[in-house]
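What follows is each chain in one-letter form.
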Amino acid sequence: MGLRKVAVVGAGMTKFVRRALETGKELAYEAAKMALDSCELTLDDVDGVALGTAPEAFDGVHMKGEYLSDGAGAWRKPFMRCYVGGGTGVFTPIQGWYHVASGLFDVCLVVCEEKMSSCQPHPQGAFLTIFDHSTERPLEPNLLWIFALEMNRYMHMHGLQKKDIALVSVKNKRNAADHPCAMLGDPNITVEDVLNSEVLAWPVQRLDVSPISDGAVALVLASENVAKRITDKPVWIKGVGWSLDSAYWTNRDLYYPKYVEYAARMAYEMAGIREPRKEIHIVEPYDPFDYKELHHLEGLLLADKGDAPRLTAEGVTARTGNMPVCPSGGLLGVGNPIAAAGLMKVAEIFWQLRGEAGKRQVPGKPITGLAQAWGDLMQVGTVVILGIGG
Amino acid sequence: MSILEKPNKNVEARVVEGEIPIQSRYTYGLAGEKFFREIMDKARILGTRCVECDYTYVPPTIYCERCFAKLEEWVEVGPEGTVQSFTVLLVALGGSPLDEPEIMALIQLDGADSVLVHRLGDVDLDELAIGMRVKAVFKPKKQREGSILDIAHFAPVED
Amino acid sequence: MTSKIKEFPGVALRESDFAEKKILYTTWEPNARYAWDAGIAIGRYLAELKQGRIIGTRCHKCRRTVVPPRNFCEWCFRPMDEWVYLEDYGVVNTYSITYVKWNMVRVEQPILPAVIEIAGASKGMGIMHLLGEVEPDEVKIGMKVQAVWKPAKERVGAITDILYFKPVE
Ligand SMILES: [Zn+2]
Ligand SMILES: [Zn+2]
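Just so you know, the protein sequences line up as chains A, B and C, in that order. The opening position of the first sequence corresponds to residue 1 in the numbering used here, with each subsequent residue numbered one higher. The opening position of the second sequence corresponds to residue 1 in the numbering used here, with each subsequent residue numbered one higher. The opening position of the third sequence corresponds to residue 1 in the numbering used here, with each subsequent residue numbered one higher.
Just so you know, these hints were derived from the structure itself, not from any lab. Fair warning: this is a prediction, and the values are worked out from it, not measured in the lab. Hints may be right or wrong, so weigh each one.
What the hints assert, rightly or not - The calculated lysine-lysine pairs, modelled on BS3-like cross-linking and capped at a C-alpha distance of 30 Å, are:
1) B/K70 <-> A/K233
2) A/K365 <-> C/K6
3) C/K123 <-> A/K305
4) A/K162 <-> C/K6
5) A/K233 <-> A/K163
6) A/K162 <-> A/K258
Turn these sequences into a full structure, and let the hints steer you where they fit.
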């Protein structure tokens, strides 16, 4: 395709917390500065900045991209903000990737930020306006409804029980106990805890859901010549993909995320991956709800339809399993500052492939990993495949 | 031609009314917390300084946007400064006429490189000029609550 | 790299820090009020609801009859060809038993949102609405449900002109 190779060479993040003292700008700065320091680059080395952040209503700042730009290191630089709902965190590095792959920039700083705690009394007030104003909003929907409706459909089509799905929440919250930035890590949580938690919108219970969070994450992307100069451990972006399904979410069968499959196929083709189940060693699928991890593993073609719960029950997706899934702790454990949460997944794959994930390090020296996010009204899939060597 | 391209005659224009039911609650952040507390408690205006760039930020930031250094040097600025630009407002936010004109100005505080947006008060419209010297007028201490409005306005400095 | 950083940035606050004024903050109400146009297709849909009817649109190319109606086919990217009256009953495609309102305030009596596939439209064409006159534990996917309309003179041309859908034999 005439594209240049692009590497991830640095990463940084803040803690994910329910309410941060820092402003959005300050969160963005802390993550961006840490990412640059980690690869010993300065702002002078950065040619352009890609920023991802969710709707303005959460932070309560209009022109939020511009507001965050100085904290994201964009002073007097080419700067662009993207937004594809919950898929933003994995789309933003894709945007950074094409700016470097195209030859336009040699170094691109990628920053994702969210400060949802600004939104009072509850971010659901903003989520309400995601729904169609004429045909849906008069019914006063809560965003949880749409997940509950999808989860129920998924369970129904595959004959699954809540306990099959609760295992995901247990796994991820336990994994998060080893993440220094995590909000909800818990090494002792059990399936019973999840099944006994408050019912919000059946089948969704309190511990099936990731929390509202504040936080920021940043990556540094570099072209091959720069990457080889500054690090002996570049992690290459091997493939990217994204796809959007119909906005008429009640006209689709929610049990299977076709758009994730399309995004994954695009990324696999670019990465030259023919047998994803053999070639992808470590996965960070989007897990704002426990069933979503399963749903997405199936959409990513890493499990047969309806079979992801079995893989979970058999420990295949445990940190020490054959295909570790969400070794970071995911959104369920680390937290869910929307755009930042997606980018955290890409950062996790980067750290894991470099063997720098500390207590979270998966065994077996993985060489290829995949991060995926999802969003809007159940309709967008974004995928990035990272690899070392080659 | 699709019949859908022309609205059927029994279709009236329909409008669905509503709002985005949110309020925002903003923390001032690491830099803002210190900035506003100093104004509230001590009626002093602080900035942060980047030695590398020789630039002082007011309101302060914890980082230099120019070189991305972490800023740890806090300096007192003002309370006097120079009007860099101003505008005289005759219409309120909602569009209704104001009883008294309001003057908004860009004020470069002594010791600062960036400018602060604030109101001018106790000023004759005739004497308004770019370059005029002004000074912060703080509200009485017990009325201050940690807000930019703890500075009531900036007033001309008598020569 | 994460293994090298000892303390990550980020200062967590508690809700009580605001109430007890341990930190300074400011608030703002955007007062963002809107008047959203229903548009051509949904305008007719709402007008038909006022008459006690559900209407969809049909594309002759892909042969889909869709609801909610739209004036272009998003698959074929061409104008829809005709209006089609649909039935006011259908089957439950999926549902939830919810104890929280849109603003997360808890309710005693659960709300029963559902996706209902409307009879007369193509397979899988659903709308979101509520279920009523049914015990939560009796709701089943695949259950046949019928619209319960507001009395004609109370209908205003809104999705809420249908109060809810109730089970039927
Ligand atoms: Zn500087
Ligand atoms: Zn068509």
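List, from low to high, the hint numbers that the structure doesn't satisfy.
When the structure is compared with the hints, numbers 4, 5 turn out to be violated.
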